[in-house]
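Asker: Sequence:
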Amino acid sequence: MDLLFFTPWGWRGYPWGMAVEEMHDASACKQVDGGISRVFQLLGKRWTGPIVAVLVGQPAHFTELRKAIPGISERMLSDRLTELGAAGLVLREVDEGPPLRVSYRLTEAGAALEPALKELGAWAKTYLPEGPC
Numbered sequence: 001m002d003l004l005f006f007t008p009w010g011w012r013g014y015p016w017g018m019a020v021e022e023m024h025d026a027s028a029c030k031q032v033d034g035g036i037s038r039v040f041q042l043l044g045k046r047w048t049g050p051i052v053a054v055l056v057g058q059p060a061h062f063t064e065l066r067k068a069i070p071g072i073s074e075r076m077l078s079d080r081l082t083e084l085g086a087a088g089l090v091l092r093e094v095d096e097g098p099p100l101r102v103s104y105r106l107t108e109a110g111a112a113l114e115p116a117l118k119e120l121g122a123w124a125k126t127y128l129p130e131g132p133c
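Read in full-length UniProt numbering, the sequence shown has 58 at position 58, and its numbers run on one by one without any break.
Keeping only pairs whose Cα atoms sit at most 30 Å apart, straight-line, the calculated DSBU-like set for lysine-lysine is:
# : residue 1 : residue 2
1 : 67        : 45
2 : 67        : 118
3 : 118       : 45
4 : 45        : 125
The hints are simulated quantities; they were obtained by calculation from the structure and are not laboratory data.
It should be emphasised that the depicted structure is a prediction, and the values quoted were computed from it without experimental measurement.
With the sequences and hints as input, model every part of the structure.
Answerer: Following this line, the structure appears as structure tokens:
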């Protein structure tokens, strides 16, 4: 059976005539700790680390998060907060107001990342060159 994928030109067979299973090297997965892979699939996304780092200190409203993380767009912040919420790391709370405001805080699982984030920060100070920020 040929695998199909959608292109702008319609449905086509899988490129190079290979099935997905043939393109994926399962032995490579066995060489990497599954927990590390899962952590970096989530926390390795741009902006996720800074969001969690801001929330480690205290809960924050959406606008406070946006101001604390220069360069992040509202859409990206919203997307990352949604992902972190789905992963059980961030809790969204609606303050009925007035005015109506939404705040975010780390769950127990999210707060448990604090020691690891501090260790990564210390490692970066020692081994990574200073960046523009």
